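Engineer: These protein sequences, in sequence, are chains A and G.
Residues in the first sequence are numbered consecutively from 1, following full-length UniProt numbering.
Residues in the second sequence are numbered consecutively from 1, following full-length UniProt numbering.
Treat each hint with caution, since some may be false.
Claimed, not checked - In silico DSSO-like cross-links for lysine-lysine, where the CA-CA straight-line distance does not exceed 30 Å:
hint	chain 1	residue 1	chain 2	residue 2
1	G	K124	A	K379
2	G	K153	G	K124
3	G	K194	G	K167
4	G	K127	G	K24
5	A	K56	A	K216
6	G	K127	A	K379
7	G	K83	A	K379
8	G	K58	G	K167
9	A	K379	G	K118
Stated by the list, open to error - Short, incomplete list of chain G residues facing chain A, as computed with Cβ under 10 Å:
hint	residue
10	M1
11	S2
12	F104
13	G128
FYI, nobody ran anything at the bench for these hints, they're computed from the structure.
Every value quoted in this text rests on a predicted model; they were computed, and no experiment measured them.
From the three backbone atoms N, C-alpha and C, an ideal C-beta is built for every residue, glycine too.
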Amino acid sequence: MTVTDHTQATADAAHSHGIVPDSSRADRVVSFDVDAFPVPTGREENWRFSAVRDLKPLFADEPADGHLEWSTSDLPAGVTLTEIPVDDAVVRTVRAPGDRASAVAAKHSGGAMVLAIAPNTVVDEPITIDLNGAGGDVRGHLLVEVGTSAEATVVITRTGTARYSELVSVDLCDNAGLNLVLQQQWDADAIHAGEVVARLGRDARLRGTVVTLGGKVVRLNTSAAFAGEGASVDLFGLYFADSGQHQEHQLFVDHAVPKCTSRVTYKGALAGASARSVWIGDVLIRAAAEGTDTYELNRNLVLTDGARADSVPNLEIETGEIEGAGHASATGRFDEEQMFYLRSRGISEEQARKLVVRGFFADLIHEIGVPAVEASLMKQIELELEHVEEEIEDE
Amino acid sequence: MSTLEIRNLHVTVETPEGTKEILKGVDLTINSGETHAIMGPNGSGKSTLAYSIAGHPKYEITEGSVTLDGEDVLEMSVDERAKAGLFLAMQYPVEVPGVSVSNFLRTAKTAIDGEAPKLRTWVKDVKGAMENLRMDPAFGERGVNEGFSGGEKKRHEILQMELLQPKISILDETDSGLDVDALRIVSEGVNRAKDNTGLGIMLITHYTRILNYIRPDYVHVFVNGRVAEEGGPELAERLEAEGYDRYLASA
Ligand SMILES: Nc1ncnc2c1ncn2[C@@H]1O[C@H](COP(=O)(O)OP(=O)(O)O)[C@@H](O)[C@H]1O
Ligand SMILES: [Mg+2]
C-alpha cells in the first residue's frame, strides 16, 4: 500500500508523482481548432497513460455517421432540451476543448443538444437521459445550462456500443445547483473519450459523479473552473475495471477566484490480469484564489495479480492565503487483517472479499444522492463481484 | 462438552531479521465450562498463541498440534475454525470500513449456523445483546469498528461472542485499556455467555484486575513462548503481589 498525504503542499510541482509537468497546468492548450492538437502518440503529458491505439478513430478530423439513440424522461416545466448548430454551441460552451478528441467531437457533432434549466426552477425528480449506441463512430456535444438559482439533478447513462467522442459543457449561473451523474455502462467493446468542462458562477454548487463500469476503453476528463466566489464542487468517481478494460479519469479543478471549495473523491477496483485504471487529479490554486479549500483523494483496490492502477495527484499553489489544500492517493491489495477478521467470524473468503469491496464503495455510493442510481449501482457492483470470483479462480 | 487441546505448539513468524520462533512448545487443554487465565508479560507470545489457534496467515506452525474435539484445527481454514466453534476476541479489533455492524453480524451468524437466522428473533437477540453491553442501537449502522473507541471495540467483540455462541472462546487482553465500568460490562457479557452456553474460555490478560470479575478455574503463567507455571486462582494472587520478575529472571 502506498499512501501520499500532503495536507499542505508546496507551490511548485516537485511533489507530483512520476513525471514532473514541464509547465503549469494553466498553460495547457485549449482550442476549438482541431489542428491545435497534434494526433496523440502516447508520449504527451495528458496521454501518457492512455489507451491511445484504441482511441485512434476518435482523433480523425472528419464527420462520423453513427449516432446515439436518446431517450429522455418527461421534462418538467422550466426544463428544455433543444438542438443548436455547431457554431452556436461553440459560443455557448464554457471552455474550449482541452484535447484533440474533444475538439473533434465539438467540430463534427452535427449540432449540439442543450439541456437548459430556467432561472429559479427547482426540479425535484432527476432528469434522466439515456444514450444508447448501436455501433459505429459517433461525435457528440452536449450543453447543460443551469440558470441563476435553479436546481436540478441530471443522470446521463450510456449503454450499447460506439466509438464515441464527446464534449459536455456545464454552465452553472450564480447560485445554481446541479447534481450531474454520468454513467458509463457501455457494452464490452465500446470506446469512449469524453471531456466535461464546467464553469461555476458565484455561490454555485456542482456535484458531479462519474460511474465507469462498462466499455473497453473509457477516458473521461472533467475540468471545473470557478468564475465567481463562494462556489463549490464535489466530484465523485467510481470505477471497476475487469480484464481488458482501460478506464481513465483525469480531473482539473481551477481555483481562479477566492473562497471556493473543491472535493474530489475517486475510488476504483481492478480485477483481472489486464485491468487498467488511470487517475490524474490536477488542482490549480491561482494567485487570486485566496481562501481556497481543496482536497482530492483517489483510492484503488487491486483485487488480482496483474491489474495496474496509476494514480497521480498534482497540486499547484500560487498563493499562501488558503484555507486548506491536500491530497491523498492510495493503491493496495486486499487488506490481510480485514480478511482475517471477517473470516475469523466464519465468513468465507469469497464472501469476505465481497463485503470488503462493497464496503470500499459504500460511502461513495451514498454520496451520489440519487436513490435510483445508488440502488442500481449496488446491483451492478454485485455483478462485477461475480466476475471477480471468476478472475480469482482463473489465477 | 468440547475440548480444545494444544500440544507442544511451536510457532514462527517472518521478521525483517529472519525467521523467529515465538511459541516454543505450548501445552494447554481447555474444556467446556472452564476458564483458563493466561497471564504473561508483554511480548511473551500470548497474542501469537491466540492468532495461531485462529489461523492467522502470518504465523507458521512448525511443530505440535491443536485439536477441537479430536478434529485437527490446524488443517482447517480460518472460517472453518470459526464454524467448528472457535472464537477469538482480538486485542486490536480490525476496522472494516463501509461494512455495517448489523450486516456483518448477520453475515457471520448465517455463516456459522449454515442458515440465515429467523429475522424476528435475530433482531430481538441483537437488540438485547447490545442493551446488555450498553451499546447504543446506532452502532448497528456504523462501519465495523470504524471510529470505535477502544472500549467500544472490546464490547463489540463480546457482542459477537454472545451472538455467535462459540464452544471455546479466546479473549486476547479484552480487559486492556478498559475503565472499571467498561470492564464490568464486558465481564458480565463473558459470564453470561458462559452461563448460557457452557463456553470454555482462554482468558489472556496482562493484569489481574479482570480476575475479580471473571473467576478463573486455572491460571497459567506464560513466559517466553511457553507455559512456565500452572495453578489455581491463588497463582494469580501471587502474580499480583510479585509480578513476573521471578519468571523472567530464570527465562
Ligand atoms: N507478525 C509478527 N511479526 C514479527 N514479530 C512478531 C509478530 N507477531 C509477534 N511478534 C513478536 O513476537 C513476540 C510475541 O508477541 P505477542 O504474541 O504479540 O506477545 P504478547 O501478546 O504476549 O504481548 C514479540 O517479540 C513480537 O514482537
Ligand atoms: Mg498481545
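Engineer: Give me the numbers of the hints this structure contradicts, sorted from smallest to largest.
Structural biologist: Violated hints (numbers, rising): 4, 10, 11, 13; every other hint is consistent with the structure.
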